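Participant: In case you want the letters, here they are:
Number of protein chains: 2
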Amino acid sequence: MNNFFLKGNICHTPEIGKLETFENSYLLCENGKCNGIFADIPEKYSSYPVQDTNGSLIIPGMVDLHIHAPQYAFRGLGMDCELLDWLDRHAFPEETKYSDPDYAQKAYSIFASDLKKSATTRAVIFATRHSQATIQLMDLMEKTGLVSFVGKVNMDREAPEALKEENADSSAADTVRYITKAFERNYKNTYPIITPRFIPSCTDSLMEKLSEIRRKYNLPVQSHLSENLGEVELVKKLKPDALFYGDAYDSFGLFGKESNTVMAHCVHSTDAEIERMKENGVWVAHCPDSNMNVSSGVAPIRKYIDKGLRIGLGTDVAGGHTQSMFRAIVASLQVSKLYWRLIDQSVKHLSFSESFYMATKGGGSFFGKVGSFEKGYEFDALVLDDSVRPHPQEISVSQRLERAVYLGIDLDGIKEKYIRGIKCI
Amino acid sequence: MNNFFLKGNICHTPEIGKLETFENSYLLCENGKCNGIFADIPEKYSSYPVQDTNGSLIIPGMVDLHIHAPQYAFRGLGMDCELLDWLDRHAFPEETKYSDPDYAQKAYSIFASDLKKSATTRAVIFATRHSQATIQLMDLMEKTGLVSFVGKVNMDREAPEALKEENADSSAADTVRYITKAFERNYKNTYPIITPRFIPSCTDSLMEKLSEIRRKYNLPVQSHLSENLGEVELVKKLKPDALFYGDAYDSFGLFGKESNTVMAHCVHSTDAEIERMKENGVWVAHCPDSNMNVSSGVAPIRKYIDKGLRIGLGTDVAGGHTQSMFRAIVASLQVSKLYWRLIDQSVKHLSFSESFYMATKGGGSFFGKVGSFEKGYEFDALVLDDSVRPHPQEISVSQRLERAVYLGIDLDGIKEKYIRGIKCI
Chain A
0 MNNFFLKGNI CHTPEIGKLE TFENSYLLCE NGKCNGIFAD IPEKYSSYPV QDTNGSLIIP
60 GMVDLHIHAP QYAFRGLGMD CELLDWLDRH AFPEETKYSD PDYAQKAYSI FASDLKKSAT
120 TRAVIFATRH SQATIQLMDL MEKTGLVSFV GKVNMDREAP EALKEENADS SAADTVRYIT
180 KAFERNYKNT YPIITPRFIP SCTDSLMEKL SEIRRKYNLP VQSHLSENLG EVELVKKLKP
240 DALFYGDAYD SFGLFGKESN TVMAHCVHST DAEIERMKEN GVWVAHCPDS NMNVSSGVAP
300 IRKYIDKGLR IGLGTDVAGG HTQSMFRAIV ASLQVSKLYW RLIDQSVKHL SFSESFYMAT
360 KGGGSFFGKV GSFEKGYEFD ALVLDDSVRP HPQEISVSQR LERAVYLGID LDGIKEKYIR
420 GIKCI
Chain B
0 MNNFFLKGNI CHTPEIGKLE TFENSYLLCE NGKCNGIFAD IPEKYSSYPV QDTNGSLIIP
60 GMVDLHIHAP QYAFRGLGMD CELLDWLDRH AFPEETKYSD PDYAQKAYSI FASDLKKSAT
120 TRAVIFATRH SQATIQLMDL MEKTGLVSFV GKVNMDREAP EALKEENADS SAADTVRYIT
180 KAFERNYKNT YPIITPRFIP SCTDSLMEKL SEIRRKYNLP VQSHLSENLG EVELVKKLKP
240 DALFYGDAYD SFGLFGKESN TVMAHCVHST DAEIERMKEN GVWVAHCPDS NMNVSSGVAP
300 IRKYIDKGLR IGLGTDVAGG HTQSMFRAIV ASLQVSKLYW RLIDQSVKHL SFSESFYMAT
360 KGGGSFFGKV GSFEKGYEFD ALVLDDSVRP HPQEISVSQR LERAVYLGID LDGIKEKYIR
420 GIKCI
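Chains as they are written, first to last, in numbering that gives the first Met the number 0: chain A, 0 to 424; chain B, 0 to 424.
Keep in mind that the hints were calculated from the coordinates and are not lab data.
Because the structure is a prediction, the values reported are computed rather than measured.
Glycine included, every Cβ here is placed at the ideal spot set by N, Cα and C.
There's no promise every hint is true.
Beyond 12 Å from chain A on every Cβ pair, some chain B residues (computed) [said to hold, decoys possible]:
id : residue
1  : F21
2  : G35
3  : L233
4  : G307
One-sided excerpt, in silico: chain A residues whose CB lies under 10 Å from chain B [as the list claims (entries may be wrong)]:
id : residue
5  : G75
6  : L76
7  : R326
8  : I342
9  : R388
Below are the EDC-like pairs computed for lysine to aspartate or glutamate, each with C-alpha atoms no more than 16 Å apart in a straight line [claimed, not checked]:
id : chain 1 : residue 1 : chain 2 : residue 2
10 : B       : K368      : B       : E29
11 : B       : K347      : A       : E81
12 : A       : K115      : A       : E415
13 : B       : K105      : A       : E393
14 : B       : K347      : A       : D79
15 : B       : K116      : A       : D411
So here's chain A without its partners, still in its complex pose (with noise of 0.2 Å):
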């Protein structure tokens, strides 16, 4: 049993635009779950050891709901083009490099090294095509302690020779030896997850095997939908039949309903194309520094949380340029202002509290009770020491919370990380 307390400025969401702060409280865990947050020790838990943070904010884990694994190496790197040309020019390349173990191992393990460090507790992740390097990552995903959903990509159209699959046939069956393996492992906190690229990637032949593969082996879904306009229209020129984007995935059952499905991006859903999202229950990925830095545009996430869609943020790395979810949540803010501001004066803007629901309990519900510390939610916490930044006066904890996230705290000022009660850092 792994039970106790840590005591602190406690703060969390429990619901969208709801910050709750408890300033020097007592947070219970009780077997890896949340059991609740006591202003003093109650007598029945007397026994329990107490984590005393001397003052520094205790928030929960950042859940990442869609970053490139192999793309970590050139993060930062090629920002002058957009999403195509961008993927021809600086993702497939590097991603070719993934069918050399010894690179994979090298890359995989800074990318990992660095996202332990960080805010993120839990992660879903796009590999590569590549199954062993795949599994490899999975490897060093399982050694973090952080909570992650792993997905071998399925390619076998439009893409250059040496990173396409050879066909739909030999995608699927390295898909089911990479499953099989992962299951093989029998990791603690890492999962597989089927992951067709994006629709332009992969022919139907390729979509019904995976639809296959998915309900036999009961996996969740993720994949990228309605990032960039030049995609879009790819996507109508290669699916005609669809009546939207999103109508492409759903047709072979591979876009919410029974499996739980994450879509990245979503800045030019239609209204059809939300609405099924609604029906099915996707979970929308937002990612606004990938969507500014390949020029995509600015996501209507106000029209997605007032109808109700479930919504994370994702850092997409290396369409975003950091692995930081506290620059993920300003981002958020900035480019809810600028939808304002240019695109429709009568969206309000995002509220802090609102993008740090969408931070935590938001994406956090892509993998159950998590990203909130109302009882029986798994313990994903952050100790923060926002001491780092002198303040020269009294703030209160939600002031020492905004600022804490706007100050990109998450780079130095992580002083203790738990997931699912267990301490990683």
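Model the placement of chain B on the given structure of chain A, informed by the hints.
Facilitator: Only chain B this time, still in chain A's reference frame:
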């Protein structure tokens, strides 16, 4: 005499958009000025000491053309409102505290200490309307080794009683007091600058007096221009005779021509205003993070570049949430892409080397021959250890620079900092 070589991977932008790199080369400092970049040390300089940076990047120091020192205390807080409300709720209440010398000393000490550690080597700074606290700030800035203009703010209307100056006469008298004190201090690196807060805060009578003072002491000018639509409307109401916002400054001789003048923001400048800035040689301080945070919009920087305006970057703390000039470069690229995507697809987004130029030589020109390693330029240099973010393979020097900026290594990767040839970190 302070003569030496810095050895490393040297990068600068002598022209906008033209990044030059010199691998493993020698940058010569003679008596505080740059005097050449060499592949090998010429015989006649063989007696000069060599500081080998062991393969680090060597780049010009960053020039922050617009930052509010008193607002540093609340950066990253209160980001939920637009400019005019934000001034009333956050900026003005904080600035009122600087009537207390003890508070000013405490808060400004944090500001100066953090700016010293940052990538910034030169800054154009707003203080508050308090002359004593402004001198305290100048004393602190002088100790950092940075070169700065520090302005006592003028504001005799449209502000809370506790912050507003009594009248134009007292404001002018206090300005002369601060200028006189500043000159008496014989600072080497710290200069006064005429600083009407913005048109809404200054009566015509005050503007006339400031113009006289400016002429008498031959000082430069800083203020705000066409930042936010609400502000532009307010200026129209308060100065109905002005042809446009900038014309209001110009009518008092506080808009370029014989005085070096920097105007922050210029998000909503009309064609006539842009034309006048060009004619008068006004510098634009582009502050992209601030323009997002307080919902102002995106300045048309490509248009300003094409017209040949003088442009630099500003962090505009605390409309901007960080003093990081590397972040200002990234933000300028990001918003230029949204400008292209959301406003006008005939306008090409900025390139990395264009933004890097703005952050160095563009803003540096406000200080003279500053922001480049060309011969005769003042020797302001940063030595960057980009190995703080490990990378799995060799990349070129220009890629290392882009990556270092996107990854924000100004927080933890500045190994050395030189200003006018003097090492200050």
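Participant: Hints first: check each against the structure and report whether it holds.
Facilitator: Going through the hints against the structure:
1. Non-interface status of F21 (chain B) relative to chain A is upheld: no Cβ of that chain comes within 12 Å, the nearest being about 20 Å off.
2. For G35 (chain B), the non-interface assignment is confirmed: its Cβ lies about 30 Å from the closest Cβ of chain A, beyond the 12 Å cut-off.
3. The claim that L233 (chain B) is not at the interface with chain A holds, since no C-beta of that chain comes within 12 Å of its own (minimum 17 Å).
4. In this structure G307 (chain B) is separated from chain A by more than 12 Å, as the shortest Cβ-Cβ distance comes to about 23 Å.
5. Because the smallest distance between the Cβ of G75 (chain A) and any Cβ of chain B comes to about 3 Å, under 10 Å, the interface hint for this residue holds.
6. With 10 Å as the threshold, the beta carbon of L76 (chain A) comes within range of chain B, its nearest partner Cβ sitting at about 5 Å, so the hint holds.
7. Interface hint status for R326 (chain A): upheld, as the beta-carbon distance to the closest one in chain B is roughly 9 Å, under 10 Å.
8. Contact between I342 (chain A) and chain B, as hinted, is supported at the beta carbon level, the nearest pair being about 6 Å apart and thus within 10 Å.
9. Nearest Cβ of chain B to the Cβ of R388 (chain A): about 8 Å, under the 10 Å cut. The hint holds.
10. Distance hint between K368 (chain B) and E29 (chain B) is fulfilled; the C-alpha atoms sit about 15 Å from each other, no more than 16 Å.
11. Distance check on the hinted pair: K347 (chain B) and E81 (chain A) sit about 12 Å apart at the alpha-carbon level, within 16 Å; holds.
12. Only pairs whose Cα atoms come within 16 Å are accepted, and K115 (chain A) paired with E415 (chain A) is accepted, the gap being roughly 11 Å.
13. Distance check on the hinted pair: K105 (chain B) and E393 (chain A) sit about 13 Å apart at the alpha-carbon level, within 16 Å; holds.
14. For the suggested pair K347 (chain B) and D79 (chain A), the alpha carbons sit about 11 Å apart, so the restraint of at most 16 Å is met.
15. The hinted pair formed by K116 (chain B) and D411 (chain A) meets the criterion: a straight-line CA distance of about 15 Å does not exceed 16 Å.
Against the hints set out earlier in the document, no violation occurs for any number.
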